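A.B. asks: Going line by line, the protein sequences match chains D and F.
Position 131 of the first sequence, counting from 1, maps to 131 under our numbering, and the rest follow consecutively.
Position 177 of the second sequence, counting from 1, maps to 467 under our numbering, and the rest follow consecutively.
Honestly, the hints are just simulated from the structure, not real lab data.
Keep in mind that the hints are not guaranteed to be accurate.
To be verified - For lysine to any residue, the following SDA-like pairs were computed, each having C-alpha atoms within a straight-line distance of at most 25 Å:
id: 1; chain 1: D; residue 1: K246; chain 2: D; residue 2: W31
id: 2; chain 1: D; residue 1: K246; chain 2: F; residue 2: L726
id: 3; chain 1: D; residue 1: K172; chain 2: D; residue 2: T124
id: 4; chain 1: D; residue 1: K268; chain 2: F; residue 2: A848
id: 5; chain 1: F; residue 1: K673; chain 2: D; residue 2: T124
id: 6; chain 1: F; residue 1: K311; chain 2: F; residue 2: P386
id: 7; chain 1: D; residue 1: K33; chain 2: D; residue 2: N63
id: 8; chain 1: F; residue 1: K411; chain 2: F; residue 2: A848
id: 9; chain 1: F; residue 1: K733; chain 2: D; residue 2: R30
id: 10; chain 1: D; residue 1: K33; chain 2: F; residue 2: Q305
id: 11; chain 1: F; residue 1: K733; chain 2: D; residue 2: T124
id: 12; chain 1: F; residue 1: K406; chain 2: F; residue 2: S521
id: 13; chain 1: F; residue 1: K733; chain 2: D; residue 2: M138
id: 14; chain 1: F; residue 1: K813; chain 2: F; residue 2: P386
id: 15; chain 1: D; residue 1: K246; chain 2: D; residue 2: T124
id: 16; chain 1: D; residue 1: K78; chain 2: F; residue 2: L726
id: 17; chain 1: F; residue 1: K733; chain 2: D; residue 2: N245
id: 18; chain 1: F; residue 1: K411; chain 2: F; residue 2: Q362
id: 19; chain 1: D; residue 1: K33; chain 2: F; residue 2: E932
id: 20; chain 1: D; residue 1: K33; chain 2: F; residue 2: E936
id: 21; chain 1: D; residue 1: K33; chain 2: F; residue 2: G378
id: 22; chain 1: F; residue 1: K673; chain 2: D; residue 2: K33
id: 23; chain 1: F; residue 1: K733; chain 2: D; residue 2: P35
id: 24; chain 1: D; residue 1: K33; chain 2: F; residue 2: Y705
Quantities reported herein were computed from a predicted structural model and do not represent experimental measurements.
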Amino acid sequence: MSTLDERPTPEADEPEIPTNRPAPLGIVSRWLKRPYARRILQLTVVITAVIIGLTFVMVAFMNMSGGPASDIMNEIEKTMFVLTFVCAPLMGFTLAVITYSWWGGWGMVPADETPTEEGPAIRTNGVAVVVWVSVCSMLAAFLVIWGLVELATITASSYGSVPSNQQPRDAKAIDINVTGQQWLWSFEYPGNGRVTSDVLVVPVNVPLYFNVTSLDVLHSFWVVEAGVKIDANPGAITNTGFTPNKLGTFNIRCAELCGLHHAYMETKLVVVTQQDFDSWIREQGGAKTS
Amino acid sequence: MSTAVAIFEQKHVPQPRQVGKPGGFLRRTNAVTALVSGVVLAAIFYVATGAIVNAVTGGGQQDDLSLPEGLQVQITMMYVGWILGFMGGIGAFAGPIRWFLGHDLTYADAEYMAGKDMGRKKFWKYTTDHKVVGIQYLVVMLVLFGFGGLLAMLIRTELGITWAEVFNPNFYNSLIGTHGIVMIIAMIIAVSGPLGNFIVPLMCGARDMAFPRLNALSIWLLVAAVPPLVSNLLMGGIRDGWTVYQPLADQAPVGMIGYQICIIVFAFSTGIASVNLITTIVAMRARGMTWSRVPIFVYGVMGSAIMGLVWFPMYQYSQILALSDRVLQTSFFTPATGGSVWLYENLFWLLGHPEVYVIVLPATAALLELMPVFLRKPLFSFKLAIAGIFGIVGLSAVVWVHHMYMTGWAPQSNYPFMLSTELISIPFSFLLLVMLGTMWRGKPWARLPMMAVYAVIWNKVIGGITGVYLSDTPVDQYMHGSMFVVAHFHFMLMGAGLFGAMGAIAYWFPKMTSRYFDERYGKIGFWIAFAGFQVTFFAMFVAGLQGMPRRVLQFDNAFNVANWVSTIGAYVIGIGMLVFLYALVISWRSGELAPGNPFGAHTLEAQTETPVPHENFPVLPVVTSDPYDFGVPDPYELEDEELIREAEGASKVGAS
Numbered sequence: 001m002s003t004l005d006e007r008p009t010p011e012a013d014e015p016e017i018p019t020n021r022p023a024p025l026g027i028v029s030r031w032l033k034r035p036y037a038r039r040i041l042q043l044t045v046v047i048t049a050v051i052i053g054l055t056f057v058m059v060a061f062m063n064m065s066g067g068p069a070s071d072i073m074n075e076i077e078k079t080m081f082v083l084t085f086v087c088a089p090l091m092g093f094t095l096a097v098i099t100y101s102w103w104g105g106w107g108m109v110p111a112d113e114t115p116t117e118e119g120p121a122i123r124t125n126g127v128a129v130v131v132w133v134s135v136c137s138m139l140a141a142f143l144v145i146w147g148l149v150e151l152a153t154i155t156a157s158s159y160g161s162v163p164s165n166q167q168p169r170d171a172k173a174i175d176i177n178v179t180g181q182q183w184l185w186s187f188e189y190p191g192n193g194r195v196t197s198d199v200l201v202v203p204v205n206v207p208l209y210f211n212v213t214s215l216d217v218l219h220s221f222w223v224v225e226a227g228v229k230i231d232a233n234p235g236a237i238t239n240t241g242f243t244p245n246k247l248g249t250f251n252i253r254c255a256e257l258c259g260l261h262h263a264y265m266e267t268k269l270v271v272v273t274q275q276d277f278d279s280w281i282r283e284q285g286g287a288k289t290s
Numbered sequence: 291m292s293t294a295v296a297i298f299e300q301k302h303v304p305q306p307r308q309v310g311k312p313g314g315f316l317r318r319t320n321a322v323t324a325l326v327s328g329v330v331l332a333a334i335f336y337v338a339t340g341a342i343v344n345a346v347t348g349g350g351q352q353d354d355l356s357l358p359e360g361l362q363v364q365i366t367m368m369y370v371g372w373i374l375g376f377m378g379g380i381g382a383f384a385g386p387i388r389w390f391l392g393h394d395l396t397y398a399d400a401e402y403m404a405g406k407d408m409g410r411k412k413f414w415k416y417t418t419d420h421k422v423v424g425i426q427y428l429v430v431m432l433v434l435f436g437f438g439g440l441l442a443m444l445i446r447t448e449l450g451i452t453w454a455e456v457f458n459p460n461f462y463n464s465l466i467g468t469h470g471i472v473m474i475i476a477m478i479i480a481v482s483g484p485l486g487n488f489i490v491p492l493m494c495g496a497r498d499m500a501f502p503r504l505n506a507l508s509i510w511l512l513v514a515a516v517p518p519l520v521s522n523l524l525m526g527g528i529r530d531g532w533t534v535y536q537p538l539a540d541q542a543p544v545g546m547i548g549y550q551i552c553i554i555v556f557a558f559s560t561g562i563a564s565v566n567l568i569t570t571i572v573a574m575r576a577r578g579m580t581w582s583r584v585p586i587f588v589y590g591v592m593g594s595a596i597m598g599l600v601w602f603p604m605y606q607y608s609q610i611l612a613l614s615d616r617v618l619q620t621s622f623f624t625p626a627t628g629g630s631v632w633l634y635e636n637l638f639w640l641l642g643h644p645e646v647y648v649i650v651l652p653a654t655a656a657l658l659e660l661m662p663v664f665l666r667k668p669l670f671s672f673k674l675a676i677a678g679i680f681g682i683v684g685l686s687a688v689v690w691v692h693h694m695y696m697t698g699w700a701p702q703s704n705y706p707f708m709l710s711t712e713l714i715s716i717p718f719s720f721l722l723l724v725m726l727g728t729m730w731r732g733k734p735w736a737r738l739p740m741m742a743v744y745a746v747i748w749n750k751v752i753g754g755i756t757g758v759y760l761s762d763t764p765v766d767q768y769m770h771g772s773m774f775v776v777a778h779f780h781f782m783l784m785g786a787g788l789f790g791a792m793g794a795i796a797y798w799f800p801k802m803t804s805r806y807f808d809e810r811y812g813k814i815g816f817w818i819a820f821a822g823f824q825v826t827f828f829a830m831f832v833a834g835l836q837g838m839p840r841r842v843l844q845f846d847n848a849f850n851v852a853n854w855v856s857t858i859g860a861y862v863i864g865i866g867m868l869v870f871l872y873a874l875v876i877s878w879r880s881g882e883l884a885p886g887n888p889f890g891a892h893t894l895e896a897q898t899e900t901p902v903p904h905e906n907f908p909v910l911p912v913v914t915s916d917p918y919d920f921g922v923p924d925p926y927e928l929e930d931e932e933l934i935r936e937a938e939g940a941s942k943v944g945a946s
């Protein structure tokens with residue numbers, strides 16, 4: 001670097017002189033001619049592609065039990081793709097560098113010998129630092145903005161509105177009171193004659209709002225394929241909600257350690273058509289179990 | 291002390307009067323007397339409290355409850371008796387009592403307490419020498435890891451045997467809780483304990499830590515704190531996970547008191563150790579060691595100590611209040627009587643999250659320290675590494691609520707805490723660039739510590755990307771409380787923390803024990819453990835994605851395959867760790883003798899001889915540059931300059 005500074009500055013009135021100094025693009029292409037550069041870039045591309053492919057596998061695993069079963073779960077899976085696409089090139093580059101170095105691309109001194117030659121004394125590299133820090137910061141900023149917008153979206157979809165300001169909700173929405181206790185869930189339908197059930201039966205494509213509480217310790221109400229989770233706290237009511245968009249039977253599990261039989265605290269979500277739901281309510285209401 | 295003597299040599303400095311033999315009471319104390327007096331005092335407290343409780347309640351008028359309140363008080367006092375008795379028996383109170391009696395320590399006393407010419411006995415005593423404390427930490431850490439690892443094997447056995455319940459639910463839940471907290475304690479001390487105590491004062495060019503007696507206090511408080519925790523398994527267990535959320539923890543049997551006492555005492559130990567490390571680093575550095583010449587490992591330990599010092603009291607406080615709820619019938623966390631579970635969760639996670647960085651930072655910094663040595667290159671962008679460390683320390687204060695996204699405590703706070711959590715990836719990316727830049731075009735020396743660098747970067751990348759998912763509230767709404775989270779934090783704590791610690795210990799092993807770490811068995815064990823680790827926790831990611839909640843002992847058949855694979859992987863880790871342990875033991879007993887500077891490092895600890903002399907340096911060193919002046923001028927840069935010079939020459943020719 002020092003020689004660059006010591007270069008004699010050309011006189012201002014000197015005419016433009018054609019030089020064979022490498023153009024900015026020339027620097028990149030010269031860098032690419034270095035033996036390791038192409039190899040690392042190739043590795044980066046391959047690893048990035050593998051990581052992006054893995055996201056499909058991850059989402060496939062999430063959908064193995066029949067999901068996505070709600071609007072919220074769709075958003076969650078979309079977000080997973082976005083997050084991976086954003087992070088994958090950085091991960092790919094990092095793994096490419098360590099793979100190349102570990103594989104001996106830059107040479108390697110065997111463990112039982114002592115290194116004799118010194119490496120290049122690169123103290124820092126302004127371009128690398130500036131590029132890296134700004135790329136990472138921009139990616140992080142993008143993730144934050146995406147996350148905030150998504151969170152606002154699913155919050156709107158969970159609550160229909162902010163519960164605290166008593167805005168009217170979707171008129172056809174169904175309120176359901178969820179109560180956790182050691183070690184079972186119960187569901188009460190206050191709008192439908194206080195029917196009570198230990199299986200969550202709901203109509204498809206109707207917004208559901210849950211008022212979740214607990215009788216004893218902390219539980220967490222997790223409707224797996226719907227991507228909804230909220231803690232059930234004793235002495236407090238928490239809210240969540242979703243709109244099921246798929247007929248079928250799905251899983252509800254407790255996601256917070258709640259004592260001895262936590263593992264067995266699970267039940268089913270049964271999404272049925274509106275007619276089936278109405279007749280189910282009538283059946284239950286006829287029985288007047290509670 | 292030596293400088294003061296040097297300056298005022300001609301004047302007579304009145305020394306305190308020697309009372310009795312050097313060391314005084316401490317001549318008679320050691321680990322055995324501590325154990326005996328701890329057990330005896332625990333028994334006395336137990337019986338005496340029982341008598342008082344009986345007298346107050348009118349002689350066994352207890353209701354037929356499973357948790358009689360009298361028993362709670364009795365067990366608490368028993369543990370208090372154990373701690374007091376143990377610390378008294380080791381001689382921790384000798385200093386304050388001497389001071390109260392007006393018997394100041396003489397130089398001979400200090401020499402005795404530092405274990406001068408004492409041989410192996412000094413490792414069993416209240417020894418103030420930082421090198422002894424470092425070895426003690428190393429052994430305690432290994433014991434904790436052995437115990438926690440055994441529990442991990444039991445957990446994976448239960449989860450692998452999908453067709454039956456091997457353990458009853460109470461014992462299983464206690465297993466996961468005890469495994470969690472034992473491993474957390476082990477990881478917190480894994481690098482800062484052995485290496486922070488042994489290596490940091492050497493790196494700073496000091497003769498000892500700033501407060502040698504506090505150093506002895508911190509290790510023996512830790513030793514006293516662990517038995518109450520382990521004993522919980524005999525007293526009904528802590529069946530609430532390591533977080534022991536309220537009010538479930540209130541239902542737990544008396545074993546929970548052991549957990550609470552352990553955390554309260556361990557927090558004192560950590561706080562004391564942190565103060566000691568910070569003071570040593572700030573005030574005891576060698577002449578000429580300006581802040582830009584301080585080795586990066588010292589920065590890492592300092593960052594970790596700052597976080598431990600600031601945040602550990604929150605966790606300690608949560609346990610004090612929980613113990614008070616249990617024994618004094620207060621109601622801080624019991625909703626039925628007006629308490630708040632969210633208060634507990636907040637206090638807990640105020641430490642709970644920074645603690646991850648308390649664990650990961652020193653391990654990362656140790657790798658940054660050894661990379662230049664094994665690559666024979668300067669640390670890339672030293673200042674960026676420092677910025678990364680302190681960026682993490684600063685941001686760690688404002689991320690804890692991401693553990694509470696789904697608690698319903700304050701859904702509004704999810705927005706700012708998602709912001710801060712994702713921002714912390716920026717300082718982490720600084721450290722990553724420093725690692726990659728140091729590795730860039732370097733010719734690695736394929737020894738075990740360098741292998742740990744590759745392993746840790748790999749694990750950290752995977753832990754990092756899964757961390758991005760979890761920091762995002764919508765995705766966390768699916769992932770929270772599932773096995774995915776478990777796999778993620780194992781990648782950070784074990785993958786980055788433990789594998790980093792293994793590399794760091796292999797690197798400084800010659801300095802600590804005068805013998806090389808066995809390269810062959812060490813590497814075999816390391817890579818077997820690494821392979822098993824990938825299998826175990828990738829399978830656990832799959833189970834989590836499929837929707838398996840954590841802390842369950844039975845589950846849907848859909849998760850069977852993932853759990854079988856994970857259990858097989860866990861056994862492979864177990865085998866690898868045993869091989870690594872074997873390597874450690876044979877190296878310590880009969881490894882190849884190492885010179886003072888086995889790897890050609892430039893840091894101060896490598897400049898003194900091995901074994902390190904009693905006061906570390908015959909003459910205190912003076913520092914004139916940072917320890918990363920490796921390397922030769924970059925051939926590519928020379929080539930570039932050549933081209934530029936040619937261009938200059940051509941332009942000159944053109945001009946004339």
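A.B. asks: Now tell me if each hint is right for this structure.
C.D. replies: Hints, one by one, checked against the model:
| no. | hint | verdict |
| --- | --- | --- |
| 1 | D/K246 - D/W31 | 54 Å, violated |
| 2 | D/K246 - F/L726 | 47 Å, violated |
| 3 | D/K172 - D/T124 | 63 Å, violated |
| 4 | D/K268 - F/A848 | 15 Å, holds |
| 5 | F/K673 - D/T124 | 9 Å, holds |
| 6 | F/K311 - F/P386 | 18 Å, holds |
| 7 | D/K33 - D/N63 | 45 Å, violated |
| 8 | F/K411 - F/A848 | 56 Å, violated |
| 9 | F/K733 - D/R30 | 22 Å, holds |
| 10 | D/K33 - F/Q305 | 72 Å, violated |
| 11 | F/K733 - D/T124 | 17 Å, holds |
| 12 | F/K406 - F/S521 | 35 Å, violated |
| 13 | F/K733 - D/M138 | 32 Å, violated |
| 14 | F/K813 - F/P386 | 47 Å, violated |
| 15 | D/K246 - D/T124 | 55 Å, violated |
| 16 | D/K78 - F/L726 | 31 Å, violated |
| 17 | F/K733 - D/N245 | 57 Å, violated |
| 18 | F/K411 - F/Q362 | 38 Å, violated |
| 19 | D/K33 - F/E932 | 17 Å, holds |
| 20 | D/K33 - F/E936 | 20 Å, holds |
| 21 | D/K33 - F/G378 | 70 Å, violated |
| 22 | F/K673 - D/K33 | 30 Å, violated |
| 23 | F/K733 - D/P35 | 14 Å, holds |
| 24 | D/K33 - F/Y705 | 46 Å, violated |
Figure legend: structure checked against the earlier numbered hints; hints not met, in rising order: 1, 2, 3, 7, 8, 10, 12, 13, 14, 15, 16, 17, 18, 21, 22 and 24.
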